[in-house]
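Asker: Position chain B relative to chain A; hints supplied.
Chains as they are written, first to last, in the working numbering: chain A, 1 to 278; chain B, 1 to 496.
Just so you know, these hints were derived from the structure itself, not from any lab. Among the clues, some could well be false.
Covered stretches of chain B (in silico footprint by chain A; criterion: 3 or more residues with CB under 8 angstroms from a CB of chain A, positions within the stretch not fixed) [unchecked claim]: (1) 204–210; (2) 249–256.
Listed below are the simulated SDA-like cross-link pairs for lysine to any residue, each with C-alpha atoms no more than 20 angstroms apart in a straight line [as the list claims (entries may be wrong)]: (3) 41/A to 207/B; (4) 54/A to 245/B; (5) 435/B to 242/A; (6) 27/A to 437/B; (7) 381/B to 259/A; (8) 72/A to 306/B; (9) 260/A to 381/B; (10) 41/A to 309/B; (11) 303/B to 263/A; (12) 3/A to 243/B; (13) 201/A to 100/A; (14) 405/B to 276/B; (15) 54/A to 259/B; (16) 303/B to 269/A; (17) 355/B to 43/B.
Quick list of the computed label-pair ranges, beta carbon to beta carbon [claimed, not checked]: (18) 243/A to 304/B: 55 to 63 angstroms; (19) 11/A to 379/B: 34 to 42 angstroms; (20) 200/A to 225/B: 51 to 59 angstroms.
Positions of the beta carbon are idealized from the N, C-alpha and C atoms, including for glycine.
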Amino acid sequence: MNKIVEKEYLSQNVARLVIHAPLIAEKRKAGHFVIVRTGEKGERIPLTISSTDKKKGTITLIIQRVGVTSCKLTDLNVGDEITDVVGPLGHHTHIEKVGTVLCAGGGVGIAPLLPIVEEMHKAGNRIITILAARSKEYLILEKEMVPYSDQLIIMTDDGSYGAKGLITQGMEDIIRKEKIDLSIVIGPAVMMKYASILTKKYNIPTIASLNTIMVDGTGMCGACRLTVGGVTRFVCVDGPEFDAHQVDFDELIIRLGAYKNEESLAYSEFRKTTLAEK
Amino acid sequence: MFLSMSEFNQEYLKKERDQQWRVDLRESLKQKDRVKIERLKMPEQDPRVRIKNNLEVNSGLTAEQAVTEAQRCLDCVNPTCIEGCPVNINIPKFIKYIEARDFLKAAQTLKETNALPAVCGRVCPQEVQCELTCFYTQKLKKSPVAIGNLERFAADYERETKQISVPEIKKQNNIKVAVIGSGPAGLAAAGDLAKSGYSVTVFEALHEIGGVLKYGIPEFRLPNSIVDMEIDILRKMGVFFIRDFVVGKTSDINDLQKQGYKAFFIGSGAGLPRFMNIPGENLIGILSANEYLTRVNLMGATKPGYDTPVHPGKNVAVIGGGNTAMDSVRTAKRLGAERAMIIYRRSLEEMPARKEEIHHAMEEGIEFNILQNPVEYLSQKDGRVSRMRIQKMELGEPDESGRRKPVPIVGSEYLIDTDLVIVSVGVSPNPLIPKQMPQLKVTRWGTLEVYPETLETSITGIFAGGDIVRGGATVILAMGDGRKAAAGIDQYLKNL
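One chain only, chain B, in its complex shape:
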């Protein structure tokens, strides 16, 4: 059964919780015994082994581990975990299905709300979302239920036992909706719209479907084969994908309107890399994280038989402290870097990357040069970077984001050898579509302005979500936007 964002509410949650099987399950083990169980430890590949391969760091749970962890969940009357989830997954329900050993039903529950559970179970920052709002964290001051690991378990179980469920679709209404961009926002929007019976076509500029899930996030965090399996489910639901199609160039929205598309979702992402504009930044051997990761993850650089080149780099410096910086530096390590360094201008505590990724990176021998900032790149010959000048920083007064502003320490500059620099200091929204449609209201950062309740832009019938609205953010927030916009589009089309 499919629930749109508007149908999901307290009444529904109570009805589900009151079902007999849930009541019986709660009574099967006392709360005080549940609370005594220690949170599981996700099995991981040894760091010394995993830096030589591209396999996932987290190996996944056994059924027993999953069931035991599921027992910890107290099936709260007021599940605060759900409030922390940008896509409103019915968390207690899927966890209780795991406890009841009905793993397939757990997976199906996930799919009621989340089109790509295997993706979210791997890349969501649960520690600042559902696991943060979990009763254990909030009230018991103990480790939360490992919701993310359980989500991954259920989705993987369904996939590995080849019993993948295709979500149910409401009656087809033959109304055409265009989704622009096949990243997480677009895929989530497409999934919900398809479930509501719309004829959905997704237009993708690149030659692969998945956006940042494919080109950005490395194999050792999110294998592309898993992304493809999730996308396949969307195909089975009737979503149509067109690749090599740049909306705004190959055709524009007006053309698509003439072809009968009645509503649009723009999920074109924040694919415009930022550079620091410091001397030497255009030397060869200095790449944006987007370019580096695209070459490796999407174009297969360094894999035998693939034509796209990339410099593996011996002394690799990655500038930045977000998830993309972690992905880049850990990729460089796996490609054989002797030194793989993060250079970040603020403190470790302020790094925006997931704590888990930082932790994994440290285990893998990544060097963290914090409170440091590059000021110049130097070349010995051939225009290739050979050294960089770094300045040390200290934390001063807080700036407008609330974080303490890093202030250069005069006279602290020093040089290091480097032959590959990856600049990962953020991305801005891709300007192609806003440039093409001047009536689309845009903020001063280039993001699209939308009404917060429906995600409709300044143009009626055109909705937007994900990084094109938020600037560089997360997969799960993009998916939440996709779902919300799908509900907005559904309302809009019903009222036409």
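Pulled out of the complex, with its shape left as it was, chain A reads as follows:
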């Protein structure tokens, strides 16, 4: 079950896994995620479904190596099975023809942005896509975005590819030149926070896809809870997408750090052991 049928590295740290999961593939729409667990002692983590092939019954996950579980997953190979894959979870993206949509993806947030860009394009919107990364080697999915983007802008922090600067600078340049009807922002919490502050200034409705810690992913534990619009919401069942201007990003940033110490300890242990094994 959940056999890996394809594997490819998109950059040094980012891998694409295609997994055989026909029931999930059948029901999946853009914006859905899965909860994945590898090994009987593994933890459960959420990952957005990047794309799906309903005929083949496969789903694609794009995973950045940031910690123990993401490394364990991307260390698997074609033919290996992933212990648990559950989904499709969350609400799918609300797709609508609104006019011009500014889609902003930062770092590994570019992966969940891709299916939304595709669907928004197919719905007849004019799509301006802006992708940002620390440097060229961290930039992913550029060519995959091309067919669905009327305009594609790349930004890197160090200027090694595309324009030099933060994604918010690139976004503001566009906003000043064009009428934007909707903005979609996905990326690290701090990026989404500042992108949201920017679009609020210009009164552009904005959707953010949130990446909280999760355990069960079905609304049972509350680990993913976050204040949105002054009320506590569960990202796994009420989200993962929300009106960005209502999201308490500062709270999100804090809550994402709940196990920071445990995570970095575990990761350095993991790297020591895997290096030793090599």
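Answerer: For chain B alone, kept in the frame of chain A given last:
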């Protein structure tokens, strides 16, 4: 032999009681001598030892203890104990088998009605069920027969001597029934349906079978290995389990109908944690009891080699007074908390938790801050909780539940240090399925409406039971619902 809920009646009880072996047993010891025997004391691990381990608190009975206790049972003509049992176990029959030293037959008797006797023998609140309605309690005003301990003894004996019986199954009819949720309600429904010959598939959202029995109830009350053994029996009976399957997401009921399932039992539980919505509640270090217990019990947090983290906590505050709160605070103690505190807004007498659990918790050094309520959580740095503000309460006029309403005492607020808070103030029904099926009638609390006799919902052929109907309740009530719904489904399918 298997008795559905509808076949169990006074006539049947009388027939069983009149059997020669029961008559002989009753005559072997006079009633007045039986009544003289003192109720047994279940051996328990010393509190100072058990707070450092995860082993069961109750060590179990020896055969001699069990036989002696069984002698106390008077084999009443009108066994009121059975009336107190949500799954209608034939209590006198199994107890008399213990007295007759036929422990295996005692276990088999339990299995005629109860799919998971080792579970019930451990977590049932017998003191408010069978042991409350026992003749000793009602008429003699003495300690009741230790029915729960005896149930556990029989089930454990069968398991430990590796002579586990698989209940008999009526002829297979190849009619497919889907059970949604593998917690106690679903398992009980699956067991009865399988015994009646149906082809049962249980769909479970998590990666483990057992629901709250696995993720909620800690090892020191109900070891997961025991839950697995009981589930294995269901597998041997032909029940099929599918994990990682969220009905309403992975597939919905309409899809399953197209696959040939003729009836459904929804036992998806009350898995939506309630929070108090007070300032600071979203700081890190504040978890719902569901999250905390799931990390520890299901995901193995703190066990070597397991990846899921949890904060052990030095000054742990658990908000609430139910069994889940007891489970949480006692788990925290075992994970090394220096202070493990219960904070409960009503009085000790009003705490809904089992008296036995409260008693064990007190022995283990849990602090009980009763008539107190949190009002705010504070953080010194990094967004992590470091202190909480507590308000003292006093009991005022009774509210609609009949209990006296706790009223804050103005000016009584004080601060305590805390680095881990577990919010255990109740759960609501999981909304996934009701949201997916708007024709399912739902009460204002989000529970599914059902016809009380059959447990059928507002949609024909779809039945429900357990916490999804009751709100947060007990394992045994869920099992009772599972059994009742199985009988309802059987009737429904026979009449199709």
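Asker: Now, for every hint given, state plainly whether the structure supports it.
Answerer: Here is how each hint holds up against the structure:
no., hint, in the structure
1, 204–210, "holds (count 3)"
2, 249–256, "holds (count 3)"
3, 41/A to 207/B, "holds (12 angstroms)"
4, 54/A to 245/B, "holds (18 angstroms)"
5, 435/B to 242/A, "holds (19 angstroms)"
6, 27/A to 437/B, "holds (16 angstroms)"
7, 381/B to 259/A, "holds (15 angstroms)"
8, 72/A to 306/B, "holds (13 angstroms)"
9, 260/A to 381/B, "holds (14 angstroms)"
10, 41/A to 309/B, "holds (11 angstroms)"
11, 303/B to 263/A, "holds (15 angstroms)"
12, 3/A to 243/B, "holds (16 angstroms)"
13, 201/A to 100/A, "holds (18 angstroms)"
14, 405/B to 276/B, "holds (17 angstroms)"
15, 54/A to 259/B, "holds (19 angstroms)"
16, 303/B to 269/A, "holds (16 angstroms)"
17, 355/B to 43/B, "holds (17 angstroms)"
18, 243/A to 304/B: 55 to 63 angstroms, "violated (43 angstroms)"
19, 11/A to 379/B: 34 to 42 angstroms, "holds (37 angstroms)"
20, 200/A to 225/B: 51 to 59 angstroms, "holds (54 angstroms)"
Violated hints amount to a single one, hint 18; each of the other numbered hints is respected by the structure.
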